[in-house]
Amino acid sequence: MQESQQVSSQSAEAPKVAIVACAGMDKALGSVARTTAFIITEKLRPNSTILICIPPLVADVKPYSELIKRYPVVTIDGCAERCATKIVAKTGAKIRGRVFVPQSAQTHNLKPNTASDIGPEGEKLAEKIAEETALLINKLCER
Amino acid sequence: MSLAKDKVGIICCSGEDLPEGTISRVATRLVLEKLRPYETVTLCLPLFLAGGEDERAFARVFPTIAVDGCSKKCAALGTRKFSGKPVATIVVSEILKKYLKSKAKSREKLDAEEMELAMKVAEEIAERVDEVLCKKVSK
Numbered sequence: 000m001q002e003s004q005q006v007s008s009q010s011a012e013a014p015k016v017a018i019v020a021c022a023g024m025d026k027a028l029g030s031v032a033r034t035t036a037f038i039i040t041e042k043l044r045p046n047s048t049i050l051i052c053i054p055p056l057v058a059d060v061k062p063y064s065e066l067i068k069r070y071p072v073v074t075i076d077g078c079a080e081r082c083a084t085k086i087v088a089k090t091g092a093k094i095r096g097r098v099f100v101p102q103s104a105q106t107h108n109l110k111p112n113t114a115s116d117i118g119p120e121g122e123k124l125a126e127k128i129a130e131e132t133a134l135l136i137n138k139l140c141e142r
Numbered sequence: 000m001s002l003a004k005d006k007v008g009i010i011c012c013s014g015e016d017l018p019e020g021t022i023s024r025v026a027t028r029l030v031l032e033k034l035r036p037y038e039t040v041t042l043c044l045p046l047f048l049a050g051g052e053d054e055r056a057f058a059r060v061f062p063t064i065a066v067d068g069c070s071k072k073c074a075a076l077g078t079r080k081f082s083g084k085p086v087a088t089i090v091v092s093e094i095l096k097k098y099l100k101s102k103a104k105s106r107e108k109l110d111a112e113e114m115e116l117a118m119k120v121a122e123e124i125a126e127r128v129d130e131v132l133c134k135k136v137s138k
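In order, the protein sequences belong to chains R and P.
Going by numbering that gives the first Met the number 0, the first residue of the first sequence is number 0, and it counts up by one from there.
Going by numbering that gives the first Met the number 0, the first residue of the second sequence is number 0, and it counts up by one from there.
Derived by calculation from the structure, the hints in this document are not laboratory data.
Treat the hints with care, since some could be wrong.
To be verified - Derived DSS-like pairs: lysine-lysine, alpha-carbon spacing no greater than 25 Å straight-line:
| no. | chain 1 | residue 1 | chain 2 | residue 2 |
| --- | --- | --- | --- | --- |
| 1 | P | Lys33 | R | Lys110 |
| 2 | R | Lys61 | P | Lys104 |
| 3 | P | Lys119 | P | Lys33 |
| 4 | R | Lys26 | P | Lys6 |
| 5 | R | Lys138 | R | Lys42 |
| 6 | R | Lys138 | R | Lys85 |
| 7 | R | Lys89 | R | Lys26 |
| 8 | P | Lys6 | P | Lys96 |
| 9 | P | Lys104 | R | Lys42 |
| 10 | R | Lys42 | P | Lys108 |
| 11 | R | Lys26 | P | Lys33 |
| 12 | R | Lys123 | P | Lys108 |
| 13 | R | Lys93 | R | Lys138 |
Only chain R is shown next, with the shape it has when bound in the complex:
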């Protein structure tokens, strides 16, 4: 379990937001979604977020299946399948924010290279989305 989740168990009363990213293998924008989640949870908001790993969430592995219901959720989807959002919706957790990477890529006019190597534009895109999402996290934590 990573630092942000350890913190969550130590101070359960602190407002937190759960981040669920698609982590898709097939598309470069899936890799951007994954990178964005790391920037948010490790660099920008390490103390007010927890990163929820999708595979154990679906496999109903604790503590993921419990944490997802305890905190408001922000999903980050890499393609129109919107798997992260669908999977979280199935758990009954409260989705309070949705990030759609293809739309952000259009907005910022940035194109990642490949799924294996998102390249400088992909890195920049991930940073921009992470900064925008961090502002949303601030709002959610104020509630």
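Place chain P on chain R using the hints.
For chain P alone, kept in the frame of chain R given last:
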């Protein structure tokens, strides 16, 4: 027109929780892009788990290899639950025990040492692919 040639589906956990999840992801891409590009395809685990019928149908018809980062074996469990038992399961944390001097550290980007580990995992995946396809040919 020709029938689809034999393919093996690689389903990796890609988990964000541990560095081993990132290694599973990078190793899978190395197999797909460098080691066995013509024999393998990848199935997107989130899509597979979310209900992607194309991914599930592929896994019902073609052999699959699950590549899991840790002992929770989410990719193998998910594949078995929604399509059928994978013909092989590779657990990255188990493979890494063989290389005690090296350790996976980063979840976001792999350094040169971690890339070497990913290549070793990729080589093990490629061996399993060869075994699976040889078995299919000899049947």
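Is the straight-line distance between the alpha-carbon of Lys138/R and that of Lys85/R 25 Å or less?
holds, 23 Å
If you draw a straight line from the CA of Lys89/R to the CA of Lys26/R, is it 25 Å or shorter?
holds, 23 Å
Just to be careful, I want the Cα atoms of Lys6/P and Lys96/P compared with a cutoff of 25 Å; is the pair within it?
Violated, because 30 Å separates the two Cα atoms, which is more than 25 Å.
Sort out whether Lys108/P lies within 25 Å of Lys123/R, counting only the CA atoms.
holds, 15 Å
Straight-line alpha-carbon gap Lys26/R to Lys33/P, limit 25 Å:
holds, 17 Å
Would the pair Lys119/P and Lys33/P pass a check requiring their Cα atoms to be no farther apart than 25 Å?
holds, 13 Å
Is the hinted pair Lys138/R and Lys42/R satisfied, with a Cα-Cα distance of at most 25 Å?
Satisfied, since the Cα-Cα distance of roughly 18 Å is no more than 25 Å.
Holds or violated: Lys61/R to Lys104/P, with C-alpha atoms at most 25 Å apart:
holds, 23 Å
Between the alpha carbons of Lys26/R and Lys6/P, is the straight-line distance 25 Å or under?
Judged against 25 Å, a Cα distance of about 20 Å means the pair holds.
Given hint Lys110/R paired with Lys33/P - CA-CA distance at most 25 Å
Status holds; Cα separation ~24 Å.
For Lys42/R and Lys108/P, compute the direct alpha-carbon distance and say whether it is at most 25 Å.
holds, 14 Å
Checking one constraint from the list: CA of Lys93/R to CA of Lys138/R, max 25 Å. Satisfied?
holds, 15 Å
Hint 8 from the earlier list is the only one contradicted by this structure; the remaining hints agree with it.
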